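First to last, the protein sequences are chains A and B. Letter 193 of the first sequence, counting from 1, is numbered 193 in full-length UniProt numbering, and no numbers are missing. Letter 463 of the second sequence, counting from 1, is numbered 463 in full-length UniProt numbering, and no numbers are missing.
Treat the hints as calculated values from the structure; they're not laboratory data. Computed from a predicted model, the values in this text were never measured in an experiment. Among the hints, erroneous ones may be present.
According to the in silico footprint, chain A covers these stretches of chain B (three or more CB under 8 Å from chain A) [what the hints assert, rightly or not]:
#1 50-56
#2 121-130
#3 250-259
#4 335-344
#5 444-453
#6 467-474
#7 579-585
Over the 10 Å line for every Cβ pair with chain A, so calculated as not near, a few chain B residues [stated by the list, open to error]:
#8 I11
#9 V161
#10 D227
#11 V352
#12 D507
#13 K530
#14 P597
#15 K618
A few chain B residues facing chain A, derived, Cβ under 8 Å [stated by the list, open to error]:
#16 T68
#17 G116
#18 I230
#19 Y371
#20 H376
#21 F592
We put the CB at the ideal spot given by N, CA and C, even for glycine.
Number of protein chains: 2
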Amino acid sequence: MTYNPKNPKFINRDRFVLSNGHGCALQYIMLHLAGYDVSMDDLKQFRQLNSKTPGHPEVNDTPGIEVTTGPLGQGFDPGISNAVGLAAAEAHFAATFNRPGYELFNNHTYVILGDGCLQEGVSAEAISLAGHWKLGKLIALYDDNKITIDGSTEVSFTEDVIKRFESYGWQTIVVDDGDNDFASIEKAIEEAKLCTDKPTLIKVKTTIGYGSLMQGEEKVHGSPLSDDDIKQVKEKFGFDPKEKYVVPQEVQDFYKVRAEQGADAEEAWNALFAKYRAEFPEEASEIERRFSGKLPEGWEKALPSFTSADPPVATRKLSEGVLTALSDVIPELLGGSADLTGSNLTRWQKAVDFQHPSTNLGDYSGRYFRYGVREHGMFAIMNGLAAFGGNIPFGGTFLNFLTYGWGAARLSALSHLRVIYVMTHDSIGLGEDGPTHQPIETLVLTRATPNMLTFRPADGNEVSGTYLAAIEDHHRPSVIALSRQNLPQLEGSSIEAVRRGAYVLQDPEEAKLILVATGSEVSLAVDAAKKLAAEGTPTRVVSMPCSELYDEQPEEYKNSVLSPGIPIVSIEALGVTGWERYSHAQVGMRSFGASAPIKDLYKKFDITVDATVAKSKKVIAYYEKAGYVPKVGLEF
Amino acid sequence: MTYNPKNPKFINRDRFVLSNGHGCALQYIMLHLAGYDVSMDDLKQFRQLNSKTPGHPEVNDTPGIEVTTGPLGQGFDPGISNAVGLAAAEAHFAATFNRPGYELFNNHTYVILGDGCLQEGVSAEAISLAGHWKLGKLIALYDDNKITIDGSTEVSFTEDVIKRFESYGWQTIVVDDGDNDFASIEKAIEEAKLCTDKPTLIKVKTTIGYGSLMQGEEKVHGSPLSDDDIKQVKEKFGFDPKEKYVVPQEVQDFYKVRAEQGADAEEAWNALFAKYRAEFPEEASEIERRFSGKLPEGWEKALPSFTSADPPVATRKLSEGVLTALSDVIPELLGGSADLTGSNLTRWQKAVDFQHPSTNLGDYSGRYFRYGVREHGMFAIMNGLAAFGGNIPFGGTFLNFLTYGWGAARLSALSHLRVIYVMTHDSIGLGEDGPTHQPIETLVLTRATPNMLTFRPADGNEVSGTYLAAIEDHHRPSVIALSRQNLPQLEGSSIEAVRRGAYVLQDPEEAKLILVATGSEVSLAVDAAKKLAAEGTPTRVVSMPCSELYDEQPEEYKNSVLSPGIPIVSIEALGVTGWERYSHAQVGMRSFGASAPIKDLYKKFDITVDATVAKSKKVIAYYEKAGYVPKVGLEF
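Kindly produce the complete structure, drawing on both the sequences and the hints.
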């Protein structure tokens, strides 16, 4: 592998992903040997608080870790799926920036994966796409040890893995004795490198816990070896059993040479890049800009703005307008959809598909990814695209299908990756497709997830503001919930205000009630406020496109929006759970939805102007009688 | 197919699953033709409120629908995965109850699936298991029309499907002209029936929208045909274009004969069953009991009970004890785990594995399913097992991996299926595995989901009570969150009380504070209450193993538990979102967890006796100053 331990972020380094992340002790040791900033003391702190060596590899904790993997064999391992994204990113940068004589981007992506990884459906999705995309620089080593936690793979995993990978269009190679025959492993990797239009699976037959007295048994998967066993293992492999935490000099020397080679490789690359800059100054500065994470100067000026005179439009359609506008000014935006392009409206007008050129459907410089009906694989691949650096991936599906890929979405948040989830058809407002498609519980999930932003914009300005806030936030993923149905452009809405999470849209003097709503229900709040005002209750309307950003505002600002002393009623056509933090009473869903035209559904589920007015009156009466209005969102 | 439209629940009927549920108009029409209680008027109400013909097939809306499928090609289709569960259930009942001369159970399970279904990872998981289990009575027809919503499958789906299914151990058959060559389809099905130790995939090459002017195009997938097009289609196939909603007499006659054959088949089965009952009275009444949904008399007496003198035990271990106790008295309990048997402790002592007998690892009468590392497939298969009737499936993984199969778990709730999710390692309390394994947002998701119960028992009695409540609840799935770590047996805990969702565990006179907690934090609440009492604040401790059941209690009971006028502090080592409904202040997680020993983590994240006491004092002081304590959980 080409890597420089002194600069773990060397752009053209080979990437390595340990898909079966529970084996991370090995990875930490390798990073230590290779010369990364992982000391012997760090190794001793394995799985301790605040260490560089946590229980599973995490991208922000340890230099040299490319992506957070981990969920053991037992959980799911997005590692291989992330690797598909990393390999796709390399292909994209190579196609976009390489020039004759300047192969700036040509790194390989290596993965080690286990039986457990291959049983998970997300891997099947990503592996199929890797074959479809012909990602020749992706090389996966399959540790075929025939053991999972429940024992022999015979109990549940008897498929023909080689044949399966061939069905996906991969090259396959088998190494029969992975315990001892290192030459064959090396040869297989060389062979894999020669195959440039197919990813390669190298099946390496191994013995789990090789050398231990428990070798070949599942027990050796998670349990520490006994002292006796450690002693005999060390003796067997020529180490002094009395010594611990020691690296023999010859091993140190070996890795020192490798580290120097890596430093040389980066130096050579830097020299090549300097020449490239002379010949292609624009491209060179674009590469630098993209990997530095700096956004193009003035990009936000491209965001469309609206007045209330503009016609009603579905926020998914407004999102398409924003993406079209931004596609020109932010070339690192890489889009896609899980086979719902025409519904999610994620493809901007001039987009080129990311495809192998032989397909005549696009090429690797294309920025639109056809993920097929593979939500989980899509999200994990987006994580890989983001982790490569220099990309802002976004991908679409229906909001209700966000949870089909939650394992990966959660890792976007945990890994601090700016990945944008464009989730359309965001409530019962989608109508006839019915409750299998209507999210109820989805947004409380995203809002309850640390380090993730949830947006539900109400109109054109808020859609623009949503993308402004999401793209500016370099270290968090954003979930954008968008309507299927048309929504009016609101008087008082604002692009900038979205950054504050919630803001006062309409404010009569001496408001006696606050209606707070999101997305498609903000206009309903406006109508209800009008009716309430006519009936003698001046009502403030608050739009809350992002409750997480609101939570981060200074107390003073928050008090100016959801002001203490005034009863608050929230309106959102999704489950009401979680709204108690922002309102005294909730208009929303308390059951699954149903299949019917939209207007029938809002009526059936009491999400109407009349229901809001009636509930508001009850709330006001209750607190008048009580003689107080408790403050919402108290933190102690 | 063998079916009796007059009794859609005929036990030995063939099951049919439309995996690509968006084609349900066809399914409704077929049900109408076949003589089910789906009238022409019902067909006219397609996708209207309260109709029998919703936008996607739902098991509780329409007679003859076996499982809720639906999420379009775009979403995910668990249909094929449900079908694997249905087929496994048939195999299990056949092995358990058939006797020489009495083939009571021998139905086939038919599935129609599309390209989209095959792209989804959950299908890959279930299909691999179906091959491993050699489910010979499972027959899948793959509608290979080369089109998904995004256009040609060439853009994202170029794998060799036949080869992939062969790698999974399926028989495969190809029908080249599915548009016209019905004889070959019929022949393929006959051939599939002959193969008894492999499931069969019949790839039927078709033209989407065959006969329409838009045939072969993705547009015909979702858009209604134009009037002109309808006219020419009808003419092409020999119908009168002027007629609508008409079934020709010869078609009616054809299906009438089929319906009579179905009624005869059931009659013959009933006669066989009568003879069986004479020879095997116990087995016969067991079959009747299981399909009637009645639980065995007195089963709940097997539930273990505990006193506070009993030693501390992890609730996952207590769950193992309950499952072992119940395995004898509830034979319809079918267990399993996604390769975490030794961690989830889901396998009772004398369990036999569900395996094909040729493996020598078990047989089809076995009740323990080795799902491998396939959470989503496991959940969808559990739905199929439950939908077959006569089974109570449960399955284990780590709580954090519940969301890897959320698509299926959500359908358990939407379909009213009693499926039990045994989710261990339920908080940061799992320790060193770190934040990739530590759930934060998971329980607010399950609690926000309609028609689903979330349990987090605190000790032995509550674990028994949890299973009592979960098993008694015939029409809801339950998620049971269990600790990895040992927990003390609590003074005052109760099996029965779990049915009420929350109850007073300890109640001093004139309590000035209420601590409400779940699971592993209830003992922390007890300790904090002791300290608070010593410092002059008599404190009630409430255990809330299931907030959803608590919500369903009468107001009077609720007021006796979380009594108005007393400040309430909640403690749960998961995300605090959602707790505002039950408490004035929250002790819990506001970030992801970390990798470290358990005691370091509780301290780092301020989930301790001291932090609880300190927060409680602040809350009391705040409301003393305010002069009121607002009621929690107000509904208007």
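Taking the hints in turn, this is what the structure says about them:
1. 50-56: holds (count 5)
2. 121-130: It holds, with 7 qualifying residues against the three required.
3. 250-259: n = 0 at 8 Å, threshold three: violated.
4. 335-344: With 7 residues closer than 8 Å to chain A, the region 335-344 of chain B meets the three-residue bar; holds.
5. 444-453: Check passed, 7 qualifying residues.
6. 467-474: Coverage by chain A is violated for the region 467-474 of chain B (0 residues, Cβ < 8 Å).
7. 579-585: Held - the region 579-585 of chain B has 4 residues with a Cβ nearer than 8 Å to chain A, which meets the minimum of three.
8. I11: holds (27 Å)
9. V161: violated (7 Å)
10. D227: Given a closest Cβ separation of 21 Å, the condition holds.
11. V352: Holds: least Cβ distance 13 Å, greater than 10 Å.
12. D507: Nearest chain A Cβ is 23 Å from D507 of chain B, so the label holds.
13. K530: It holds; K530 of chain B is separated from chain A by about 21 Å at its closest Cβ, greater than 10 Å.
14. P597: The claim is violated: P597 of chain B sits with its nearest Cβ about 7 Å from chain A, within 10 Å.
15. K618: violated (5 Å)
16. T68: Holds - the Cβ of T68 of chain B comes within 8 Å of chain A, reaching about 6 Å at its closest.
17. G116: holds (4 Å)
18. I230: violated (20 Å)
19. Y371: holds (6 Å)
20. H376: holds (6 Å)
21. F592: holds (5 Å)
Violation of the numbered hints given earlier is confined to hints 3, 6, 9, 14, 15 and 18; the remaining hints are satisfied by the structure.
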